[in-house]
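Protein chains: 2
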Amino acid sequence: MTVQFLEDYAVGQIYHSGRHRVDKAQIVAFAKEFDPQFYHLDEDAAKNSPFKGLAASGWHTAALTMKLCLSSDFRPAGGIIGVGGELLWPRAVRPGDALHVEIEVLETRTSRSRPRQGVVKIRITTLNQQGDPVQTFTPTLFVDRRSPEN
Amino acid sequence: MTVQFLEDYAVGQIYHSGRHRVDKAQIVAFAKEFDPQFYHLDEDAAKNSPFKGLAASGWHTAALTMKLCLSSDFRPAGGIIGVGGELLWPRAVRPGDALHVEIEVLETRTSRSRPRQGVVKIRITTLNQQGDPVQTFTPTLFVDRRSPEN
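So the protein sequences, as listed, match chains A and B. First residue of the first sequence: 842, per our numbering; consecutive thereafter. First residue of the second sequence: 842, per our numbering; consecutive thereafter.
If you're looking for bench data, these hints aren't it; they were derived computationally from the structure. Mixed in with the good hints there might be a few duds.
Because identical chains cannot be distinguished in the list, a pair is counted as satisfied if it fits within a single copy or across any two copies.
[Unchecked claim] Straight-line distance between alpha carbons at most 25 Å, and here's what the computed DSS-like set of lysine-lysine pairs gives: (1) Lys893 x Lys962; (2) Lys865 x Lys908; (3) Lys865 x Lys962; (4) Lys908 x Lys888; (5) Lys908 x Lys893.
Make the full structure from the sequences, and use the hints.
Written out as structure tokens, the structure reads:
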């Protein structure tokens with residue numbers, strides 16, 4: 842798949858990924874390493890938590906979202922490099938969920954401080970198999986401008 | 842360590858974690874699973890990237906920040922559960938960095954929709970061994986109110 846430059850992006854474009862199925866073993870393994878709270882680790886105990894059942898760490902959802910973005914048709918030249926943005930988890934990820942992402946271009950502009958790059962603001966929505974959003978992330982990315990040799 | 846309830850939090854309080862040292866193997870293992878871009882995977886190739894050397898995925902920094910928060914003296918009753926917030930990466934994490942977090946209470950209030958809980962807004966700053974911030978995250982958390990039996 843060919844990569845995209847700043848000049849290829851326009852507000853309203855939407856990009857898509859394939860799917861990643863999350864199982865209980867993945868949820869527990871991630872939680873053991875990074876977020877060992879009982880509602881991410883123990884299916885029975887999690888029933889008596891605010892999640893009412895085992896739920897993936899939000900950081901696991903975020904990391905899987907990154908993986909899905911890299912497998913999508915959103916392919917900025919130079920890679921997906923951002924300074925951050927607003928991250929929200931409207932709904933928990935459960936064992937058996939199959940996630941995919943939709944990436945919408947919200948804004949594009951040239952950069953005064955980086956003449957060979959531009960700034961692209963996107964909204965990455967991570968959805969489960971019912972089409973319900975489990976995460977939104979709205980980062981600002983640096984994207985290379987097309988140069989004479991590209 | 843005893844847990845904290847909504848009534849125990851006040852604006853301006855600061856909590857601290859221990860340290861976690863990040864090495865090259867951890868950076869590469871995380872990137873292989875979740876963020877396989879060359880500047881997170883290959884030390885030599887990364888020299889010719891915007892990072893000018895191997896850098897941890899921002900999502901690795903975020904996941905390690907969660908782990909550090911859970912080892913800190915910030916211990917809300919019911920766990921650290923949030924809906925999200927603003928996430929920024931001002932600086933890359935490098936092999937050999939030793940990270941810790943500082944958590945500042947920015948706001949506390951009761952919740953109209955959840956009478957047994959309150960809302961606590963915090964800023965989690967992740968710092969390297971030079972004291973330079975590598976990440977800030979400003980989430981809104983739900984925290985239990987003290988009840989007669991606590």
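Original post:
Taking each numbered hint in turn, which are not upheld by the structure, reported in ascending numerical order?
Top reply: Of the numbered hints, just 3 does not hold.
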